[in-house]
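Enquirer: Below are the chains, spelled out letter by letter.
There are 2 protein chains.
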Amino acid sequence: MTQINQLTIIGTGLLGASVGLAAKQSGFAKKVAGVSRNLESAEKAASVGAIDMPFDKISDSLADADLAVIAVPLSGFDYIFSLIAPLQRPNLFITDVGSTKSSVIASAKKHLTDPTLFLGSHPMAGSEKQGPESASANLFPNKPCILTPEPDTNRNLINTVTALWQALSMNILTMTPEQHDTQTAVVSHLPHAAAALLIQTANTLGGYDVASTGFRDTTRLASSNPPMRVDIMSANRPALITALSQYRDQITNLMAILESNDRQALLDLLTLSQTSRDHWLDDSFH
Amino acid sequence: MTQINQLTIIGTGLLGASVGLAAKQSGFAKKVAGVSRNLESAEKAASVGAIDMPFDKISDSLADADLAVIAVPLSGFDYIFSLIAPLQRPNLFITDVGSTKSSVIASAKKHLTDPTLFLGSHPMAGSEKQGPESASANLFPNKPCILTPEPDTNRNLINTVTALWQALSMNILTMTPEQHDTQTAVVSHLPHAAAALLIQTANTLGGYDVASTGFRDTTRLASSNPPMRVDIMSANRPALITALSQYRDQITNLMAILESNDRQALLDLLTLSQTSRDHWLDDSFH
Numbered sequence: 001m002t003q004i005n006q007l008t009i010i011g012t013g014l015l016g017a018s019v020g021l022a023a024k025q026s027g028f029a030k031k032v033a034g035v036s037r038n039l040e041s042a043e044k045a046a047s048v049g050a051i052d053m054p055f056d057k058i059s060d061s062l063a064d065a066d067l068a069v070i071a072v073p074l075s076g077f078d079y080i081f082s083l084i085a086p087l088q089r090p091n092l093f094i095t096d097v098g099s100t101k102s103s104v105i106a107s108a109k110k111h112l113t114d115p116t117l118f119l120g121s122h123p124m125a126g127s128e129k130q131g132p133e134s135a136s137a138n139l140f141p142n143k144p145c146i147l148t149p150e151p152d153t154n155r156n157l158i159n160t161v162t163a164l165w166q167a168l169s170m171n172i173l174t175m176t177p178e179q180h181d182t183q184t185a186v187v188s189h190l191p192h193a194a195a196a197l198l199i200q201t202a203n204t205l206g207g208y209d210v211a212s213t214g215f216r217d218t219t220r221l222a223s224s225n226p227p228m229r230v231d232i233m234s235a236n237r238p239a240l241i242t243a244l245s246q247y248r249d250q251i252t253n254l255m256a257i258l259e260s261n262d263r264q265a266l267l268d269l270l271t272l273s274q275t276s277r278d279h280w281l282d283d284s285f286h
Numbered sequence: 001m002t003q004i005n006q007l008t009i010i011g012t013g014l015l016g017a018s019v020g021l022a023a024k025q026s027g028f029a030k031k032v033a034g035v036s037r038n039l040e041s042a043e044k045a046a047s048v049g050a051i052d053m054p055f056d057k058i059s060d061s062l063a064d065a066d067l068a069v070i071a072v073p074l075s076g077f078d079y080i081f082s083l084i085a086p087l088q089r090p091n092l093f094i095t096d097v098g099s100t101k102s103s104v105i106a107s108a109k110k111h112l113t114d115p116t117l118f119l120g121s122h123p124m125a126g127s128e129k130q131g132p133e134s135a136s137a138n139l140f141p142n143k144p145c146i147l148t149p150e151p152d153t154n155r156n157l158i159n160t161v162t163a164l165w166q167a168l169s170m171n172i173l174t175m176t177p178e179q180h181d182t183q184t185a186v187v188s189h190l191p192h193a194a195a196a197l198l199i200q201t202a203n204t205l206g207g208y209d210v211a212s213t214g215f216r217d218t219t220r221l222a223s224s225n226p227p228m229r230v231d232i233m234s235a236n237r238p239a240l241i242t243a244l245s246q247y248r249d250q251i252t253n254l255m256a257i258l259e260s261n262d263r264q265a266l267l268d269l270l271t272l273s274q275t276s277r278d279h280w281l282d283d284s285f286h
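From first to last, the protein sequence lines stand for chains Y and L. Just so you know, the first sequence maps onto residues 1 to 286 in the UniProt record's numbering. Just so you know, the second sequence maps onto residues 1 to 286 in the UniProt record's numbering.
Everything labelled a hint here was simulated from the structure, so no lab data went into it. Any given hint might turn out to be false.
Unchecked claim - Heads up, simulated SDA-like pairs for lysine to any residue below, C-alpha to C-alpha not over 25 Å straight-line:
1. Y:K129 <-> L:R216
2. L:K109 <-> L:A163
3. Y:K57 <-> Y:S47
4. L:K129 <-> Y:D283
The structure displayed is predicted, hence computed values, not measured ones.
Extracted from the complex, chain Y is given alone in its bound form (with noise of 0.2 Å):
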């Protein structure tokens, strides 16, 4: 099995601070540090195992490192490769976990002195909760995790960032980051909308004194971060507008059957949405 000697993650938030915390349990790393603008998240992550040592300074953090995975918000990316590309060094090997990939690589290009030894990454793992104090290693096992590599890109830094992402038992996917982008608008970010449009739909029309665990679980993704889902659907645009495009049409769709009271075509339509589904969570989810 693949181990290196120090892993830096960069931004101890909770996926971040997962990262470290699985990172370590698995053995893929033998260290772990933490670097966070704010030294008390980061503190807070080495006070819950996550990390073995809190930074605030991105420069002591990665001195000696092998590898930096980037958890910070997207809007955070321009600035932080900003402060990598000074830093950087044939044997530094730098991934991410953004949740789009397309604008993460024009960063990345953007400001990296050798944007070679840059690789995108997108653990498809996540929680609607926040902070180190909520990092689990139990995020990522069996979940997908997309490796989005240019022609360029160091063959030792994809064979090392796959080697971690194994480690933590993510089932690993190839694509382009254009590929990436669009398929995630519709499974993540269109649910993510889909999920705060119920609630604006409440708040419009009322229902909330007889909700229960179908509207709670249908809605869960409205309890994720705000100021983070607008960077990601700032940062995917395009994808998302098409996304809800088809998903307006669907709703279209669904509103002339019941217009027209044709019972068939309602049955054909759940009975098809029932099957993919489960179809899907056969093949995914063991």
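Take the given structure of chain Y and dock chain L to it, following the hints.
Expert: Below, chain L alone, put in the same frame as chain Y:
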């Protein structure tokens, strides 16, 4: 505490069997009978301890009943009420667990000899699972249960049905059938539709390979029983169309925000959604 001698569950599927199980465990009913067109289903409910006495004839199951709970799909209510009508007696109270109320009450008035002995109930407790083998008394505590009495509904019937749902630790609300149908359209039937249409959108645009827990939870209701959902959506068409129309307007509004890249409006929308949901959760689930 109110205790009745015999409760009869008409329709021993997941919800009916769960009511039987919880009514026994809470001590509300000394004996619980269960009747199903298919004796095997009633016997399965007996084998998991949800009922004491399985029947396949409604007349037999109601002979000694103090209270009957109708727990069949909505499309079966006309038939069930027509079978109960000749068996009605002043000391046989009747309620139901149907997901819409206007259609159920219309059916009761059409078929029953004495509709003042029927009270519409809707315990907001469900599961995407099916069958008596999944019965659970845990479906009910702290969930809303709506009663829809008419001006002439028998007072002792209202007290007895209230005592049943109180014994199951539900939060009881009283409203008109129309209020019930409008509110459940928003927080129950719309989320079911939203979940199914997210699946349809992924079927059209792709994305299953990278889908994870957010997609799984937001689409959970799409795995609900299709014929049962057709019954419910069809019975509540006008209110569901109104809810879908409002939801579609919300989508159009979000698309306009994204198209103009108005980050502040997006942040406001997502923040309001988050705080609205969290306030509701604080009020409802303790």
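Enquirer: Tell me the numbers of any earlier hints that the structure contravenes, in ascending order.
Expert: none
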